[in-house]
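Given chain Z, work out where chain S should sit, using these hints.
Number of protein chains: 2
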Amino acid sequence: VSLLVVGSIAYDSIETPYDKIDNALGGSAVYVSIAASYYSQPVSVVGVVGGDFKQEHIDILKNHNVDLGGLKIVKDAETFRWAGKYHDDMNNRDSLSTELNVFAEFNPVIPEQYRRSEYLLLGNIDPVLQLRVLDQLDNPAFIVLDTMDFWIKGKKTELMEVLKKVDMVIINDSEAKLLAEEPNLIKAAARIMQMGPKYLVIKKGEHGALLFNGDKIFSAAAYPLSEVFDPTGAGDTFAGGLVGYLHKTRDLSFENMKKAVISGSTMASFCVQKFSTKGLENLDAQQIDKRYNEFIELTKIND
Amino acid sequence: VSLLVVGSIAYDSIETPYDKIDNALGGSAVYVSIAASYYSQPVSVVGVVGGDFKQEHIDILKNHNVDLGGLKIVKDAETFRWAGKYHDDMNNRDSLSTELNVFAEFNPVIPEQYRRSEYLLLGNIDPVLQLRVLDQLDNPAFIVLDTMDFWIKGKKTELMEVLKKVDMVIINDSEAKLLAEEPNLIKAAARIMQMGPKYLVIKKGEHGALLFNGDKIFSAAAYPLSEVFDPTGAGDTFAGGLVGYLHKTRDLSFENMKKAVISGSTMASFCVQKFSTKGLENLDAQQIDKRYNEFIELTKIND
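First to last, the sequence lines map onto chains Z and S.
215 is the number that the numbering used here gives to position 188 of the first sequence; each next residue is one higher, with no gaps.
74 is the number that the numbering used here gives to position 47 of the second sequence; each next residue is one higher, with no gaps.
Source of the hints: derived by calculation from the structure; they are not laboratory data.
Treat the numbers as computed from the prediction; the structure is a model and nothing was measured.
Hints should not be assumed to be uniformly reliable.
Chain copies aren't distinguished; within one or between two, either way the pair holds.
[Said to hold, decoys possible] Straight-line distance between alpha carbons at most 30 Å, and here's what the computed BS3-like set of lysine-lysine pairs gives: (1) K214 - K305; (2) K231 - K285; (3) K243 - K317; (4) K317 - K183; (5) K285 - K214; (6) K191 - K102.
Okay, chain Z solo, but in the shape it has when bound (with noise of 0.2 Å):
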């Protein structure tokens, strides 16, 4: 019984008003384990790297207990590399250059003692290589999708094949309008459940997230921060302790969700206080109760 995350992993250079950092541990699958990590363990990780790859990475994802079976390394190519600029306002960023490298082949396998994983987190790639993943699964409990912008312009027909086989998606608000084709919110959220998934998360980055299931609404607040120095991985972070949170509780109930969809909050305002994934690798239980508790006072009104 094991939660299965498929998705990037990368080297990230990132230039942001405070600072600038080149080949940073960065990708999908490395944000989800490791905040995932922080609620149940092991988290299992399928994806590829180059022989650029190196040990000290290796290490902080096997500090965190991450399972590194599923990992191919490519011995004589390099690791998906992604560049980026964030603007003063730190909520548009500019996409520098993107090198995919061993990503450009990747066709993940599935290893043989992964295949009856109970919940699986889709990482935000190719549709077609989700479509993949999904075939060689054994039917498992609960399958979250994270995808993007780029897919759902790019490769709708097989994105839409994904959705209809996922019980939840979690995308941001403009990528909701834009899969949904409607620019009320609300409206395109019951759309989106109309193509497959039962459950949908739509982050809306410095104003919260909110989770839907049928006619059910939860709003959750954002974290106020003053400082927000790396917003990168914030989205996958969020998705990995919400993932992380329901597979530790096994409870998929709608007020279950909701403390998911908290502790998601939670793990994405630590990440992106540091850059690349430092606000990650050293928490401890106290200090995400402690926010998580924040979290709840936000919003809290005493009768």
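Coordinates of chain S only, in the frame set by chain Z:
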């Protein structure tokens, strides 16, 4: 002991993707006073209209027990007119025309019987006029200020004088960043409170609102509306519900202010469901309570 509102009274021509309406009742003092009337009566208004202002619109205000002792009617001039068009997503609008008419020479004179008002809402008008209003009042217990980007850009010096004298400011997120000259909303909030007001409410439209007081923050959700017919007046209506609730309860604790913010959000959610003031005209206490409780449920997590 009363609640005084000083602001604009207007005829609005509005076009949305749904419909088009000409010369509909509008203006900050109108929306504020009708919204506040559901919590506390009478609300007294100081404003100006032209000889073209219709009896039916006077009647709408009177039906809500709005005290029009401070309404100046300039017989041979026209009422302030505004025309605007909303885009498909309803979050953006173009101002098509603004005819100040009687409003160009508006010099608010506070009638003797209002000078000891305990609660004052300074609607979104020229800060020079807001200062003149403050000069005529005898130390109100609680002063709420509404303003907008136009005054922040054009009359900053005068606006800073007003800010020193008020207890609460209500503005939207882009205006808060503009006023504080700070892209981070949390830092911007701290900076605005240093300008004078102890309480700050930042409206975020479809993302809800934030209430600040020193280090304390409350995050209010937005009501999930699948149809927004006309956003005109939503901000004024929010302010009206908020100040009406505060005036009714006479409780300036942070805990009670949270409820005031939800009351403002409740009224604003009704406002946008119909054109002009139509959504506010015929509400009853039961509808308002129901909507208020739906707001509470949106963010509630049961332990």
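- prompt: Which numbered hints turn out to be false for this structure?
  reply: When the structure is compared with the hints, numbers 4 and 6 turn out to be violated.
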